[in-house]
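Under this note's numbering, the first residue of the sequence shown is numbered 3, with each subsequent residue one higher.
Hints in this document: simulated from the structure, not taken from any laboratory. Even glycine gets a Cβ: it sits at the ideal position worked out from N, Cα and C.
Derived DEER-like restraints, expressed as beta-carbon distance ranges: (1) Ala217 to Asp241: 27 to 33 angstroms; (2) Pro399 to Val56: 44 to 50 angstroms; (3) Val56 to Tyr111: 44 to 50 angstroms; (4) Ala292 to Leu231: 20 to 26 angstroms; (5) Gly145 to Leu338: 52 to 58 angstroms; (6) Asn307 to Lys211: 34 to 40 angstroms; (7) Arg116 to Val34: 28 to 34 angstroms; (8) Ala224 to Ala292: 20 to 26 angstroms; (9) Pro283 to Tyr377: 40 to 46 angstroms; (10) Val403 to Leu216: 40 to 46 angstroms.
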Amino acid sequence: MNESHAEPIIPADGRLITIDILRGLAILWVIVIHLWQTRTYDVAARHVYYERFVDRIREAAPLPALTALFEVIFRMGDHGVTMFMILSGLSLTVTALRRGGSVRAWSFYSSRLRRLLIPYWVGWALFMITLALLAVYRAQVDGASIGDNFQFIGLSRVMSRDIAIEGLLIVPRGLSLQNAIEAQPPALWFVLLLLQYYLLFPLLLPLLKRLKPLAFSALLLAISIGSSLWMIWAQGDIDRAHGYIWSDWLPFRIFEFGLGMALGYALIHYPGQLRRTLSRPLVIISVVVAALALHTTGSWLDFRNGYWNAVAYSLIVLGLSAIMLTVICARPGFTLSSAPARLVAWVGTMSYAALITNESFRILNYYFITKGWLYSAGWWYFIVVLYVPLTVILAYPLAAVLGLMPKPPRAAAGPSGAPVPLPAGRQVL
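Could you build the full structure based on these sequences and the hints that come with them?
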C-alpha cells in the first residue's frame with residue numbers, strides 16, 4: 003500500500019488548513035455578493051443568469067460570456083453560507099469524536115452559544131454605531147436632523163425602533179417576511195439557523211454514531227425534502243412569500259448540517275479509504291464534474307418547477323459537499339502551502355468577525371450609491387483600498403477580542419485513553 007494513502011487526513015498536530023481555506027473562500031464569496039448586489043440591486047432568479055451565460059456562449063461572444071459567468075458566480079454568493087453550515091457540522095463532529103465521541107450538552111451549549119451570540123450582539127452594536135456616526139456626518143453635510151439621518155439603512159429601507167429590536171432579539175427575525183427583510187444587521191440572519199443546529203447537535207451525534215454516515219445522511223435528506231414538499235403543498239411555494247420560514251427554521255435545511263456531520267465522521271473513521279479514493283486524478287475530475295452538475299441543477303430549479311423545487315437545495319448541498327471533500331482530502335503540497343492559500347486560510351480563521359466588520363462598510367457603500375458616486379474615482383478607491391482590505395484587517399482584532407480565533411492544538415483523551423490532538427479551526431462557523 004502507498005504509505006501516503008494511509009496517512010490520516012487530519013494531521014497529528016490537529017491543524018487542517020484546507021478547512022480554513024474553505025472558510026476563507028466562503029466568506030470572500032459572501033462579501034463579494036454583498037458588494038455586487040449593492041451595486042446592481044439585482045435579485046433576479048438564478049436561472050436568469052444561467053440563461054444569460056448560455057445566450058452569450060451561443061452568440062460566440064467571449065468577453066460578454068465571461069462577464070455572464072462571473073455574474074452566475076456572484077449570484078451564488080449566498081451558497082457561501084451553505085458552505086459555513088456544512089463546515090460547522092463537520093468541525094463539531096470531528097472535535098467531538100477526537101475528544102472521545104460524546105458531548106456534554108450543557109457544557110457544549112454554554113461554550114458554543116456564548117461564541118455565537120456574544121459576537122452577534124457586538125455586531126448589532128457596531129452596526130448601530132455606524133448608523134449613528136453616519137447620521138452625524140450626514141446632518142453636517144446633507145442637512146436634516148441626526149434623528150432623521152439615523153433612520154437611513156440603505157437604498158429604500160429605513161430604521162425604526164421595532165426593526166432595531168427585531169435584530170437585537172434574533173428570534174423575531176424569523177417570525178415574518180417583513181421582519182426577515184428589515185431586521186438588522188442583514189448579513190447575520192444565519193445566526194438564528196445556526197443556533198438551532200447547535201441546540202440539536204448533542205442529540206444528532208449519538209444518532210450519527212448509531213446509524214453511521216450513509217443512513218444518517220439519508221434520514222436527514224428525507225426530512226429536508228419531505229418538509230420542503232409539505233411547504234410547497236401547503237403554502238404553494240418555497241422561494242416567494244414563505245422563503246423566510248424555509249431559510250430560518252428547521253427542519254427544511256437540516257440536511258446541510260447533517261451531511262457535514264457525516265463527512266466529519268468519515269474523516270475520523272475512514273481516512274484511508276477517502277485518501278485512496280480521492281487521490282486519483284480521474285476520480286477527482288469525475289467527482290468535481292458530477293458535483294458541478296448537481297449544483298447547477300439545484301440552482302436552476304425554483305418555483306417554476308413545482309414539487310421538483312423541494313430537491314433543489316439538497317442537490318446544491320450535495321454538489322458543494324463533494325467539491326469541498328476533494329479539497330479537504332487533498333495532500334498538503336505547493337498549492338495548499340502557497341502564500342495565497344495561507345492568506346485565504348487566515349481569512350477563514352476569522353470568518354464570523356469578517357461578516358460583522360463588513361456590515362459597516364456595506365452601509366457606507368449604500369450611502370455612496372445614493373449620492374450618485376457609483377463608479378467614481380472615490381468609489382473605486384473605497385472599494386479597492388478600504389472595503390475588502392479593511393473588512394479583513396479589522397476582523398482580526400475583533401476576532402481576537404471575542405475569542406473567535408483558533409486556539410493552539412492541545413492533547414485530548416481518545417477512546418483508548420491515548421492523547422489525541424484536537425482539530426484546528428474551532429471558531430463559530
